[in-house]
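**Student:** The primary structure of each chain is shown beneath.
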Amino acid sequence: MRENKRWRRTTAVACAVALLAAACGNGDDPGTDPGTEPGTDPTTPTDEIAFDVGVTEEPCPDAVNDDTGCIYLGNIQDLTGVFQVVGTQWQEAQRAFWAAVNEAGGIGGFEIDVDTYLRDNAYDVTQHATGYSEIRDSVLMLGASLGTPHTEGILQDMVDDNMIGIPATAWSGWDFIDNVVAVVGSYCMHSVIHLDWANAQLPVENVMGIGFPGDYGGDVVAGAERWADEAGANFLGFVETGPTAVVGSQDAAIGAILNSDPRPDVVVLGVTPQETAEIVGGALSQGFQGRFLGAIPTWAAPLTGTAAMPALEAVYSHVSAVGLWDAETPGHQAMRDALGGTPPGNEFYTLGWASGYAIQAILEAAIANGDLTRQGLIDVLDGLEMDYQGMAPSTTYGADINEHLQTTMAINQPSADAELGLVTIDPAATGPVAESITFDGPCVGNV
Amino acid sequence: MSALAFFGLRDRRLRGRPTLYTDYGADQALLNTPAKRWSILLVVLLSVAAPWMVGRDWVLLLTLVCVYAIGAIGQNLVSGYAGQVSLGHAFFVGLGAYTAAYFGGVETASVRGLELEMWLWLPLAGLVPAFVGFLVAPLAVRVRGQYLAILTLGLVFVGLHFFNELRSFTGGPGVGRRAAAPIVGGMDLSRPQTILGVDLDGTTLYYLVCLGLLIGFAIAARNLARSKVGRAFAAVRDRDIAAEIMGVPLTRTKVLAFTISSFYAGICGGLLAVVLRQVEPAKFDLFLSVEFLAMVLIGGIATVSGSIIGAAFIVILPRIVQDLSPIIPGLATRADGSDGIVSVFQLNRILFGVLIIAFLVLEPRGIYGIWIRIRNYFKAWPFSY
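In the order they appear, the protein sequences are chains A and B.
Position 162 of the first sequence, counted from 1, bears residue number 162 in the numbering used here, the numbering being contiguous throughout.
Position 4 of the second sequence, counted from 1, bears residue number 4 in the numbering used here, the numbering being contiguous throughout.
FYI, nobody ran anything at the bench for these hints, they're computed from the structure.
One thing to keep in mind: the hints can contain errors.
The following label-pair restraints were derived from C-beta to C-beta distances [said to hold, decoys possible]:
#	chain 1	residue 1	chain 2	residue 2	range
1	A	Ala416	B	Gly330	44 to 52 Å
2	A	Asp251	B	Ile356	42 to 50 Å
3	B	Asp199	A	Glu103	57 to 65 Å
4	B	Leu360	A	Ser285	46 to 54 Å
5	B	Leu196	A	Val159	21 to 29 Å
6	A	Asp382	B	Ser110	23 to 31 Å
7	A	Asp251	B	Met53	53 to 61 Å
8	B	Gly145	A	Gly341	52 to 60 Å
All figures in this text were calculated on a predicted structure; none of them were measured in a lab.
In this text, a Cβ means the ideal position worked out from N, Cα and C, and glycines have one as well.
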């Protein structure tokens, strides 16, 4: 009995020691330069390029050329949640973009990896925060961060880490926040340009906005209100709605259009494709004679097969900060070459591809400056020209957003013959309000 | 009792007979055997030392475990101990988060805030939901079973509507508002500080705060469970009509269960908001309520330890799957999952549902029940059955 007790005691102590030993230490992250942490001195420059966190001399896990180093980009996307149609396509575009860059030799002796530090946020703020915490010590910058409150939640950590990031959202507030590089015009500006174009066709005296409240629909409709203010038009109000799956139907929104006095000449939409079809089809069938102006997320190719398609072809137009996937520009051609001629899942692929050019410009400028550290990226941002290879107007990043607003965007129209259901009718629409408007803060929310 | 006696090191005659109690107090003690005392001491020491043993990402995960565990204890108090099915926990968590954000947050052009310190806004983050729970509970007393589940489910949707509409308090949908900063005595507990000569980064400091609060709330819940109130909860859970006949005040007991559970949920919400930094209404939806139920079911119903185990399991599982993904066959590497059966992210979602079903069917007592089986096996060894 005594021997049993001694044996049990010894076993218990040995197990406790083993548990303590197993719990000690971190796992090795392939993207972290051994021995360096944020804030320590960079490693010895290779070819006069200083680098530390998120950059290695060792090749990427699936490197094309084993003689190159590796730059690790972090991506926190919605891959399984409500906006997975955005996140999956954006991420696939990033993957294809950097694969093409790596095949062509990379940048400055480095290839770029966007897979190792990919995290899914499932459009949940908590998961976004934990995803960031997993990769914050291993990546040079965030290639994509999807979700406005999600990205705002990690902003303080990004500032602490000296990390910059590309938001995969078009909220107008990003232009006023450090460490975040918005690569396309905001939803607010989408509406301004779209209304300028519509005003040139119609004119527009009465504008109504219908959308989801928040950083998407709220931003879209706030842009419409700003346009109405600047152009002297009558803004009839923001009709808030929700996804049909949540609110049941869009009858309230349709009723708001039909019962409005005066009736709107145009209705600006900040909803998803399902609600677009319902609102446009429902309003037209009950005698509405105005037009509908939709932001990027209001269209999806499956709408071409719905009963609302004739109505959409007649009265709906679509605005996009980046030309449609079949546009004839060097950037679009490069994207099509990477796709092998197959259309992408949706136009968010095009946005994701275009964002690659912005990241490429940042990395190339930092390498040319000899400093591929996080601070080095921040140092080259002010005054940096982003060339999107024709996919969108070149912009110059800088402290004053009003000096580099995107004032031209593509206006598109539904077509059953087009691959993704849209054809461009004006590749560079603009107008007097778009060219003169200034912003001193976000159109919705606060920073 | 001396420390030696507490850890069973004094009287050699009684070692080997840990369940021989010589007074009522020892029998009713929270840690009534030396094994429990040693194991709790070890767990607490490991928990405190954890930030110096693991990376920052793991410290954040452990912080979330502590925060969610407080909420899970609240869920267990009402659903496990008192037997009242509640799907409305997410509403009280959200209410606590926004109460904390209002009393402790900064006022801006679009949202209000009073910028109070944490020692004020945290208790308020618990008291306000507790008061709302106190108001709602009499409705819940009148129904039971699936009707109670539907009633509490309605709370979540009503809460979402209010959170979306009260934009001067919540910031509105899609945008939200900044959470309150955990400031005590002018010191921000989520930023790097030096305490007693020890440099602590923000993540570690806030983790230790949450750990301390979890220990306090866990002891309080365990104490409640072994008290007269806890026995009333159990009586109402097992057979409420019989309990009422025996003199247990039914309405008061159920109202108390909802109120205390809502208090815990509010504290969880206030602490969670600090971790998230940006509090957005959509966070507090039905899925969050289901998560808390899953923590309780998977961890162990009607046990405080089970609540903590369940919270750890739910929070850490995605990270474990992520780390094991290289050796799991059929996992896709592409974001859209097209080069495999499922992506690691889809696998996480599938596992969540599968585990709830598996535990309900195979081990209704949860992980705690599995632990009890293992413990009893070795206690009875070599006469295990």
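**Student:** Give a verdict on every hint.
**Tutor:** Status of each hint after checking the structure:
no.	hint	in the structure
1	Ala416/A - Gly330/B: 44 to 52 Å	violated, 38 Å
2	Asp251/A - Ile356/B: 42 to 50 Å	violated, 37 Å
3	Asp199/B - Glu103/A: 57 to 65 Å	violated, 46 Å
4	Leu360/B - Ser285/A: 46 to 54 Å	holds, 48 Å
5	Leu196/B - Val159/A: 21 to 29 Å	holds, 28 Å
6	Asp382/A - Ser110/B: 23 to 31 Å	holds, 29 Å
7	Asp251/A - Met53/B: 53 to 61 Å	holds, 58 Å
8	Gly145/B - Gly341/A: 52 to 60 Å	holds, 59 Å
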